[in-house]
Amino acid sequence: MDLTGAEIVVQALKEEGVEYVWGYPGGAVLHIYDALFQEKALQHILVRHEQAATHAADGYARATGKVGVALVTSGPGATNAVTGIATAYMDSIPMVILTGQVPVPFIGSDAFQEVDITGITRPCVKHNFLVKRTEDIAETMAKAFYIARTGRPGPVLVDIPKDVTDPGVRVPFEYPKKVSMRSYKPVEKGNTRQVRKAVDLMVKARRPVVYTGGGVVLGEASEDLRKLIAHTHFPVTNTLMGLGSIAASDDHFLGMLGMHGTYEANMAMHEADLIIAVGARFDDRVTGKLAQFCPNAKIIHVDVDPASISKNVRVDVPIVGQVKPVLKDMLKFLKERKSGPDKAALKEWWARIKTWRDVDCLKYANSDKVIKPQYAIETLHKVTRRRNFYLTSDVGQHQMFAAQFYPFEKPRRWINSGGLGTMGFGLPAAMGVQQAFPKATVACVTGEASIQMCIQELATCAQHDLPLKIILLNNGYMGMVRQWQEFFYDKRYSHSYVDALPDFAKLAETYGHVGMTIENPGDLEAAYKEAFGMKDRLVFMNVIIDPEENVYPMIEAGKGHHEMHMSPHLSAERELA
Amino acid sequence: MRHIISVLIENEAGALARVSGLFAARGYNIESLTVAPTEDATLSRMTIVTHGDEMIIEQIIKQLNKLVDVVKLLDLSEGPHIERELMMVKVKAEKGMREEMKRMADIFRANIIDVTDCSYTIELTGAGEKLDAFLQAVNDDLIMEVVRSGPLGISRGEKGLGLSTNS
Chain F
1 MDLTGAEIVV QALKEEGVEY VWGYPGGAVL HIYDALFQEK ALQHILVRHE QAATHAADGY
61 ARATGKVGVA LVTSGPGATN AVTGIATAYM DSIPMVILTG QVPVPFIGSD AFQEVDITGI
121 TRPCVKHNFL VKRTEDIAET MAKAFYIART GRPGPVLVDI PKDVTDPGVR VPFEYPKKVS
181 MRSYKPVEKG NTRQVRKAVD LMVKARRPVV YTGGGVVLGE ASEDLRKLIA HTHFPVTNTL
241 MGLGSIAASD DHFLGMLGMH GTYEANMAMH EADLIIAVGA RFDDRVTGKL AQFCPNAKII
301 HVDVDPASIS KNVRVDVPIV GQVKPVLKDM LKFLKERKSG PDKAALKEWW ARIKTWRDVD
361 CLKYANSDKV IKPQYAIETL HKVTRRRNFY LTSDVGQHQM FAAQFYPFEK PRRWINSGGL
421 GTMGFGLPAA MGVQQAFPKA TVACVTGEAS IQMCIQELAT CAQHDLPLKI ILLNNGYMGM
481 VRQWQEFFYD KRYSHSYVDA LPDFAKLAET YGHVGMTIEN PGDLEAAYKE AFGMKDRLVF
541 MNVIIDPEEN VYPMIEAGKG HHEMHMSPHL SAERELA
Chain D
1001 MRHIISVLIE NEAGALARVS GLFAARGYNI ESLTVAPTED ATLSRMTIVT HGDEMIIEQI
1061 IKQLNKLVDV VKLLDLSEGP HIERELMMVK VKAEKGMREE MKRMADIFRA NIIDVTDCSY
1121 TIELTGAGEK LDAFLQAVND DLIMEVVRSG PLGISRGEKG LGLSTNS
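In order, the protein sequence lines correspond to chains F and D.
Counting with the working numbering, you get residues 1 to 577 for the letters of the first sequence.
Counting with the working numbering, you get residues 1001 to 1167 for the letters of the second sequence.
Hints are computed from structural coordinates only; laboratory data are not their basis.
Even glycine gets a Cβ: it sits at the ideal position worked out from N, Cα and C.
Mixed in with the good hints, there may be bad ones.
Cβ pair distances, simulated, as ranges [stated by the list, open to error]:
| id | chain 1 | residue 1 | chain 2 | residue 2 | range |
| --- | --- | --- | --- | --- | --- |
| 1 | D | Ala1013 | F | Asp166 | 16 to 26 Å |
| 2 | D | Gly1079 | F | Gly119 | 28 to 38 Å |
| 3 | F | Val187 | D | Gly1079 | 20 to 30 Å |
The shape of chain F in the complex, shown without the other chains (with noise of 0.2 Å):
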């Protein structure tokens, strides 16, 4: 069967069972757009901006664990794409992003709307081709999913050329079946030898601690870990990236750590024998102060990325695979063995975890007058808890609130841009999860500094029916800069009052959506309860927050686990018990 470049293109993306392609047509990808008109089992969604094409591709990817794809011209749409790419890049989400390309012979010509995308994403991107023959389109893509998908995920970019999609040249077209390649070989399996002696390790341990990332959510591992963690009844905290792959009401579970994490996760951090890291990456928001960082403790990882092991800190039982099957063996071996850990040292460990619990750091003084931005939390969680609900969110103090306040019980109902922390991430990214879930309630959590950076998308929501529900935690700063300022400049709030804002409701209004103002804590459930009942509509709720409250507990950058800046409210409550 004979095609043309661009039909291939089409016939590749139904090969790997794309469902939505998310765009931006141009000149370079014009071909391709029209083979796509004609095509019906794939559906394309027009964005605004191509930086929505790549985070709704990457929402979609994080809610369902599908490769999320994108299509953008070359020039400009590339570049718009890069925020997308980097940030899909840094939390490990499988992506592939189509970028059209000038024709080969005006390549390197600085030809209208040319840019070298590959050479500008060679650094964020898993890999990235330029496709240079028609002939050779197939195998790129198949090469290109496969490397999305397989072993560390991550967004792979490929660069078509506008004459290799010309509707004038037809070639044989036959999608290769399985895709080896000497140079890639992702791992499987870890290797048991370490997987005994982290074995040895956790039954000798007598105050360990579970610590969890991003990668036991990625590697649908989530089951594996709540068995062993049953078993064990080892402690467990998870990063940002992690949160819902232990449910949040497991008794085992300490919250997140790092530094907006909770004292009773940060102190036993700071006081285990014995870390078992899966499937994170020990970032500098996790670690604190390196040299401060678990000193009393062994450490064992496991990661499916050799080169996350020993990167930042120096481990004692390296083991390099699949979390899955890694976890699935360590439970084995477990169980093999007659005495498992330290019942006595156990339960001597949980008492010393519950003095820290008893802390209760995340208590803040509610008010009747404002709404605080943890109450919003707090009730969103009230109103949705029954539902099949998403949370998506942006980035700053509203980010963490959400990741403290709203216990996720699932993996996949958090998805938030926690590496490169992009502003702007949330409203495409919950337009790609109400794509693959149309029944599910999907929320984006959002700030009015975030919200302002990809808000043309209400006109994607609109024109593609998504009746997403925004919660805007408007302060009328950006929240979290603001409380840098307020901590570490003296209280110089250099440009971080987002002076200006238009009327959010009326704007949601003027995109043919629903829109809100709440100002009283007593009116907030209600206004929920109405939002959240309106199935079919996009609901944009502006709630008017307490505009100076802070994230807390809270570690400067720099600063060890132990020396956590707790609520000036608690520390006030405590002086006075």
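Given the coordinates of chain F, assemble chain D onto it according to the supplied hints.
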């Protein structure tokens, strides 16, 4: 510590940029980098000389391995190996000094590969220290131009870097 790393990499456009970009982006030091196709035209072989403590070298090796185009690599400094570097030096060789310069080249077992009425171009191959020694032995005023290839390395004995060999 100094390490010399050999890398077999797919001979594709952009492969060199992936390696040099990796070193630049992660702040690793490159002392020298040489690259050329191998007997198998689909593969290039790179020799990279770098410095770093144990943790950095471990990261360099892991990050190189992580590049999708890298097929195989070997840290030659971990075992017995041979290094050679090629240098071409253009020196002033005017009347009255030509014999002296020729003798110097002979002592270092170097070859004079080009002669003009005022200069010699001398080719010298060997370990880096030998090339350094030659440059030190020649009066600075006489040296017109120096070009060095950077070291190439190969392991000794059975161990080696190839598609079929065990490394």
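Outcome of the hint check:
Between D/Ala1013 and F/Asp166 the Cβ separation comes to about 21 Å, which falls inside the hinted range of 16 to 26 Å. Our hint of 28 to 38 Å for D/Gly1079 and F/Gly119 holds, since their Cβ atoms are close to 36 Å apart. The beta-carbon spacing between F/Val187 and D/Gly1079, approximately 24 Å, falls within the hinted interval of 20 to 30 Å.
In summary, this structure violates none of the numbered hints.
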